Amino acid sequence: MNDAAQSSDLPDDDLLELIIRYHDGQLDEYEMVALMALLEGDDRALSIFHDTALQALTIAEHAAVVAEPKPASPVWRRSTLSWLALAVSVAVVAAIAWSSWQPPYVVRVGDLEGQIVLLNPDGSERQLRHGDLLYDNQHIASRDIGSFATLLFADGTSIQIFDQTEISCRQGAGKEVEVFQGNVVADVAPQPEGHPLQIITLHSITDVLGTVLAIQVSPQRTDVDVLEGKVRVARTGDRSTVDVTAGEKTVVSRKVPLSSRPRSPVGNTWKVDFESGLPREWIKGIWLDQPLPEGSKGGARAEQRPSFWDPAVTWYEVESYNRWSRGICMVNDESRLQMRFFTQRAGWIQMILLTRDPSFKQSDVTYEYIIRNYGNKREAGWHTVDIPLSEFRRTIKDPKIGYSQSPINPPRPGLVIFKVIVSTQHRDLGLIVDEMSITAPGEPPPAAEEQEAAS
Amino acid sequence: MVETDLVRSLLEARIRLTVPIWSIVRESQTVEDIFQEVVLRALKQHDQFTDEGHLMAWSRTTAKNLAVDFLRQRGKSQVMDAGVLDRIWTISDEDAQGLKERQDALRNCLKTVPPRQREMIRLRYGEGLSCAEVATRIGTTLDAIYKRLSRTHSQLRKCVEVALQGETS
Chain S
1 MNDAAQSSDL PDDDLLELII RYHDGQLDEY EMVALMALLE GDDRALSIFH
51 DTALQALTIA EHAAVVAEPK PASPVWRRST LSWLALAVSV AVVAAIAWSS
101 WQPPYVVRVG DLEGQIVLLN PDGSERQLRH GDLLYDNQHI ASRDIGSFAT
151 LLFADGTSIQ IFDQTEISCR QGAGKEVEVF QGNVVADVAP QPEGHPLQII
201 TLHSITDVLG TVLAIQVSPQ RTDVDVLEGK VRVARTGDRS TVDVTAGEKT
251 VVSRKVPLSS RPRSPVGNTW KVDFESGLPR EWIKGIWLDQ PLPEGSKGGA
301 RAEQRPSFWD PAVTWYEVES YNRWSRGICM VNDESRLQMR FFTQRAGWIQ
351 MILLTRDPSF KQSDVTYEYI IRNYGNKREA GWHTVDIPLS EFRRTIKDPK
401 IGYSQSPINP PRPGLVIFKV IVSTQHRDLG LIVDEMSITA PGEPPPAAEE
451 QEAAS
Chain A
1001 MVETDLVRSL LEARIRLTVP IWSIVRESQT VEDIFQEVVL RALKQHDQFT
1051 DEGHLMAWSR TTAKNLAVDF LRQRGKSQVM DAGVLDRIWT ISDEDAQGLK
1101 ERQDALRNCL KTVPPRQREM IRLRYGEGLS CAEVATRIGT TLDAIYKRLS
1151 RTHSQLRKCV EVALQGETS
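Taken in sequence, the protein lines are chains S and A.
Just so it is clear: in the first sequence, position 27 is 27 by our numbering, and no numbers are missing.
Quick note, our numbering runs 1000 ahead of the 1-based positions in the second sequence.
Hints are not guaranteed to be accurate.
Which bits of chain S does chain A cover? Going by a derived footprint, with three or more residues having C-beta under 8 Å, they are [stated by the list, open to error]:
{"no.": "1", "region": "11-17"}
{"no.": "2", "region": "23-32"}
{"no.": "3", "region": "36-43"}
{"no.": "4", "region": "51-59"}
Hints in this document: simulated from the structure, not taken from any laboratory.
Since we're looking at a predicted model, the values are computed, not measured.
Even for Gly, the Cβ is constructed at its ideal location relative to N, Cα and C.
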């Protein structure tokens, strides 16, 4: 224990409430600093904190004891035959009652594509199908790239979820949609006065009375883009609020004061060169400072990840940030993608572009291009490719139709690219990406993005 | 160390390890997962542990790292300061026997909690619902849940203290 520790003046009840809100993950950064200072310098606070954790763990481990005891059944003396008859009767009555009664569902699954799963509390998953009914607090996740699903409330409100998103829905006096991560578009029918639909994220609560909005949630921030109508966004940390109207957006994070501003147009070019590290919120890639081509100071080596189709299989990928809300850049008539990369041996490399409609109102679309024949099969080396976006093909979600059979169906001008993936799938080619860019004729060369420190 | 001795030692030290892990991750299922992972990793290298003290020091560090990694992977920003983490592990280590006695007393005290409070703590810690979810389920406000939980924890602490005083007097 800390010899210098002293007792603070904070009453036990206030301290306990602070601890309970910490357990609930609801402290803002100032409260967190205050709690840490108490635990560092006050033995009594540390003892209460430790004791509360012991209580919580013990309650969790003995939930059955904690549960309200059921009234004991009366003991009747009956013959074995009578017991059997009673049991059969009860079973029949229960089966009839169950078949005629189901709890009210919250949302129904509409159109869907890809791996959209229900996450069970025991950790198992079940693939959802069109028409499935979902109940209070059930967690739904979209797993693979390009997947999407529409969830429909009874009043016509629709929630569209896109790839790698996890949400749950509730219906009480008002509707609640909790977005744990990913990209969601909500088209909300007019809600009863005083009972707005609430979209809840780690950082914010958005009250919606009837409008269309897009929400992107990452661990660091929540982006709210309003497409029609008006919403009120509250930051959970300091409970500050801002009204956001059509054509505007707000970013909710711990570091930036809450404000709304007009949505910025998406640029026509993009570049990332990893010179001083991976860009903020970059998803897959391991930064390295050697081996690199002359003049370069940094690159991104392909990182392992479980395959979408079989988690036991390892894939190798460099995957950019998810800029669904802000966009990476817009597709133009003659846009081109350039990449300088290294492989220890030649083998095909899959380039994937994730795009969304500029209005957020249509499903996201994935396009791919396979890079082949770029070097001697047995020799390691650096290569540069320059691919017109018009040579990308829309990914077809039919396993019978491979890439080579799919028609060239390039991204149309105006689509917004929000993620770029370079994958060698299960083949470890030792891929290193030195830089990537998307250029457009008539546009100045793109500047490299702001990056994190290499350390 | 022999594998059977290693498992016995870790199971005996379970509460010493799991309380600090819970303080970091705040999810009962994750605590279980991390404890199991520590046991599995220890078994894989059982011949490297010279004695129980060595095993405990290794388990503590491994559990702490796994817990902090879990928070980071989940993007949770509320990671404790390293100094505070050390103090929490120390308090667990220093009073290992007292911890078991407190937990035994606590199990009895839980039986005395009134039904409504019992349901609330079961939902919060047994089912792992957030306080907001508990508030919705019970039909009250989030602030009310925070206050009721504070009261319940305070009552349980007092009950345990009375029970332990009774044992020693």
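Here is how each hint holds up against the structure:
1. 11-17: Three-residue rule met by the region 11-17 of chain S, so holds; n is 4.
2. 23-32: That given contact holds, which follows from 7 residues of the region 23-32 of chain S lying within Cβ reach (below 8 Å) of chain A.
3. 36-43: holds (count 3)
4. 51-59: With 9 residues closer than 8 Å to chain A, the region 51-59 of chain S meets the three-residue bar; holds.
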